[in-house]
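Participant: Residues per chain are reported as follows:
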Amino acid sequence: MSSIGTGYDLSVTTFSPDGRVFQIEYAAKAVDNSGTVIGIKCKDGIVMGVEKLIASKMMLPGSNRRIHSVHRHSGMAVAGLAADGRQIVARAKSEATNYESVYGEPIPVKELADRVASYVHLCTLYWWLRPFGCGVILGGYDRDGPQLYMVEPSGVSYMYFGAAIGKGRQGAKTDIEKLKLSEMTCREGVIEVAKIIYKLHDEAKDKAFELEMSWVCDESKRQHEKVPDDLLEAAKAAAKAALEEMDAD
Amino acid sequence: MEDVNAPHSMGTTIIGITYDGGVVLGADSRTSTGMYVANRASDKITQLTDNVYLCRSGSAADSQVVSDYVRYFLHQHTIQLGQPATVKVASNLIRLLSYSNKNMLETGLIVGGWDKYEGGKIYSVPLGGTLLEQPFAIGGSGSSYLYGFFDQAWKEGMNKDEAEKLVVKAVSLAIARDGASGGVVRTVIINSEGVTRNFYPGDELPLWHEELEPCSSLLDILSSTGPEPMSI
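Those protein sequences? They're chains A and B, same order as listed. Using the numbering used here, you'd call the opening residue of the first sequence number 458 and step up by one each time. Using the numbering used here, you'd call the opening residue of the second sequence number 1146 and step up by one each time.
I should point out that these hints are in silico values taken from the structure, not numbers from a laboratory. Among these hints, one or two may not hold up.
[To be verified] Simulated restraints, written as ranges between beta carbons of each label pair:
hint	chain 1	residue 1	chain 2	residue 2	range
1	B	Y1262	A	V559	16 to 22 Å
2	A	W585	B	Q1192	44 to 50 Å
3	A	D687	B	L1226	46 to 52 Å
4	A	L582	B	G1273	39 to 45 Å
5	B	Y1262	A	T642	22 to 28 Å
6	A	T554	B	Y1244	37 to 43 Å
7	A	T470	B	Q1279	32 to 38 Å
8	B	D1213	A	G602	43 to 49 Å
9	A	A694	B	Q1192	56 to 62 Å
10	B	D1213	A	L582	29 to 35 Å
11	A	D687	B	Q1279	41 to 47 Å
On a predicted model such as this, the values are computed, not experimentally measured, just so you know. Idealized CB from N, CA, C, for every residue including glycine.
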C-alpha cells in the first residue's frame, strides 16, 4: 500500500505513472503519526474523543486543545500537524458565520463539511502550496439530525457513523464497529469512546496522554461543548477499570 | 402628460397568510404609470423557487430586479444544498438586498412558501429592509384599509378554503377603497402537495356597498331595502 515514489513525489502537482499523487499520501502519513482521534454518531448526537499525547511534563493540563467548536451546533477534532489544524478550524468558523449572515440560518453540517473539504482540496492543486498535514473529524447536530464527517488531507469528505484517525485507528475502527451505535445514547457513548482510547494507547511507545472529549446531543441542548467534568471523570474511571479487567485476564 | 414619464408603480394590495398546512398569497393586478393604468392584469405574485413565491409592491422595476437576483441566488443555493431552499433563507436573501440598497429601492415585499422543516411560513420585508416573520402580512397602498379588517377576521388554524376566501375578500375590499388597486384578484396556494394558482376576474368578486347595482329610478331606491350588512 505505501511505497516510496522516487522522482514523482517532489511536487503535489505531479502524478506518478500509476496515477497517485505522492505528496498527498505523505501528508496522510503525518496524520497517521498523531494521537488517535475518534468520533461516533449515537442515536441522539455525536461524541468525539482525542488521545492527546503529552509532549512535555511541564505542560498544564487542558492546554493544547485538539477539539474546537466551529459553530454553536458543531465541532471539529483535528489530528496531525497542529498548526495546520488551527488554520482549518479558523476557515471552518469563518465559513459558518459567513453562511449564517448570507442565508439567515445556521450552516447545515453537510454544507460545512463540503466547504472544509473544498478548502483542504484547494491546497492540493497548486505547486506553491503544500497539502494540509491534518485530518479532521467534524461532528454537528442540525435540523436533519446528528451527523459525523471526516475530512482527509486529500480533500475527500465522507459521512460516517464511526470514524477514527491517528495511530490507533485500525484498532479503534474494529472496536467501534462492535458497538451498537443506533441504540446508544451519547452519555453511554462517552464511556465507550474513553474505553477505546485507553485501550489503544500504547504504553510502551508513548508516555503519558490526556483524554479530551466533546459532544453535541439532545442532552447538551444541541450545542457543541466539552463533555461535563463529572461525566468525563466517570468515563476515565470506567476506562481504567476495563483495562485492569483485560490485564487481569 | 406627466403620466407618460412617471415611473411604473404598483399601487397595489398584497396579502400573505398562513393556514393549517401551508400559505395563501393574494394580490390585485393594477400597475399604474401616474394616473394611467399601464397593466390592468399584471401578475404580482412571482415565483422564486418551486416552493417559495413573492408578492411584489411599490416600484415595479425595483421589485422585479430584486426578485430576479434572489431567484438566481436561490437556484444556486438549491443546487449546492441538494434540496429545496427554505422560506427563511429566501426571505433573508430578499432582506439583504432590500436593506443594503435601501437608498435606491422602493419596494415592499411579502415572501411566502412551504418547506419540510417549518411548514407554511410568511415573511414580510417592507420598505427599509426589515425582516419579520408573521402569521399573516399585508402590504401595498391598499393594505391601509385592511388592518382593521384583519384584526377582526383573522384566526389561527383555518383550512385551505377558508384561508383563500379570506384573501379574496380582503383584496376585493381593498380594491373597492384604494384607487391604486384594481383589476383581478390572483391567489397562489402553497403547501406540501405543491402550488395552485387561482384567478378571480372582477365580475366574480363580492360587491361592497358603493358597488351595488345602479338603480334607474329614485322610487326604486326609496322603496328598496338597504344593502345587506356586511357579514363577517
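Participant: Of the numbered hints stated previously, which ones are contradicted by the structure, given in increasing order?
Facilitator: 3, 6, 7 and 8
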